Amino acid sequence: EAQVTQNPRYLITVTGKKLTVTCSQNMNHEYMSWYRQDPGLGLRQIYYSMNVEVTDKGDVPEGYKVSRKEKRNFPLILESPSPNQTSLYFCASRAQGGTEAFFGQGTRLTVV
Amino acid sequence: LAKTTQPISMDSYEGQEVNITCSHNNIATNDYITWYQQFPSQGPRFIIQGYKTKVTNEVASLFIPADRKSSTLSLPRVSLSDTAVYYCLVGPTYNNAGNMLTFGGGTRLMVKP
Chain Y
2 EAQVTQNPRY LITVTGKKLT VTCSQNMNHE YMSWYRQDPG LGLRQIYYSM NVEVTDKGDV
62 PEGYKVSRKE KRNFPLILES PSPNQTSLYF CASRAQGGTE AFFGQGTRLT VV
Chain P
52 LAKTTQPISM DSYEGQEVNI TCSHNNIATN DYITWYQQFP SQGPRFIIQG YKTKVTNEVA
112 SLFIPADRKS STLSLPRVSL SDTAVYYCLV GPTYNNAGNM LTFGGGTRLM VKP
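Taken in order, these protein sequences are the chains called Y and P. All residue numbers for the first sequence refer to the numbering used here, where the first residue is 2 and numbers rise by one. All residue numbers for the second sequence refer to the numbering used here, where the first residue is 52 and numbers rise by one.
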């Protein structure tokens, strides 16, 4: 089954404790992206990647890092999480030139 | 990317046809119109995409007038399970920068029994 898989689905952590949210897709898509969704602010793009070793900032990249060492994986790294990064996070992938983006099920992160 | 304007919310009843209109006055020649659906705490799901005139699939229809400054997503005979947020996106199918999608506020559709 074609899918984008995020882990974990839920995470509660403390301020300053480094964490990684994993994202993996099995569709051999070139494009991958991370979004955060907050009430009243909608979906905002954090980082995106056109292909392996090619990443770029989205609209709200501060406090986040990403890497794209393999085509299927695009982890989101929070080196020093803060409470304002409490949010619902989505990973997405799309084929280059493709019509449809596929989203993961989301990761609900709470930073206390 | 062209800015889009959609109603914040809409109510409907089961069995009715629902039409959600999106305005995009600054749409560019190479822009497509794409709609996504999002249920609470789930990732958005692609519904339909079009460039001009009418597109229909098993889920919805998309009507685009000749000037392409607006578009209408039509959901036939909605059910309670169609309660969701619907996003209208306008932009190139892909662009060289790889910047995938820009979501606006969406329209929250509530289907009542």
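Treat the hints as calculated values from the structure; they're not laboratory data. Among the clues, some could well be false.
[Claimed, not checked] The calculated DSS-like cross-link candidates involving lysine-lysine, where the alpha carbons are at most 30 Å apart (straight line), are: (1) P/Lys120 x P/Lys54; (2) P/Lys120 x Y/Lys66; (3) Y/Lys58 x P/Lys54.
Everything numeric in this text was worked out from a predicted model, so none of it was measured.
> Taking 30 Å as the top limit, are the C-alpha atoms of P/Lys120 and P/Lys54 close enough?
Replying inline: Between P/Lys120 and P/Lys54 the Cα gap is close to 11 Å, so the pair holds against 30 Å.
>> Between the alpha carbons of P/Lys120 and Y/Lys66, is the straight-line distance 30 Å or under?
In response: Since the Cα atoms of P/Lys120 and Y/Lys66 sit roughly 37 Å apart, the hinted pair is violated (cutoff 30 Å).
> Are the Cα positions of Y/Lys58 and P/Lys54 separated by 30 Å at most?
Replying inline: holds, 20 Å
This entry does not satisfy hint 2, going by the numbered hints stated previously; all others are met.
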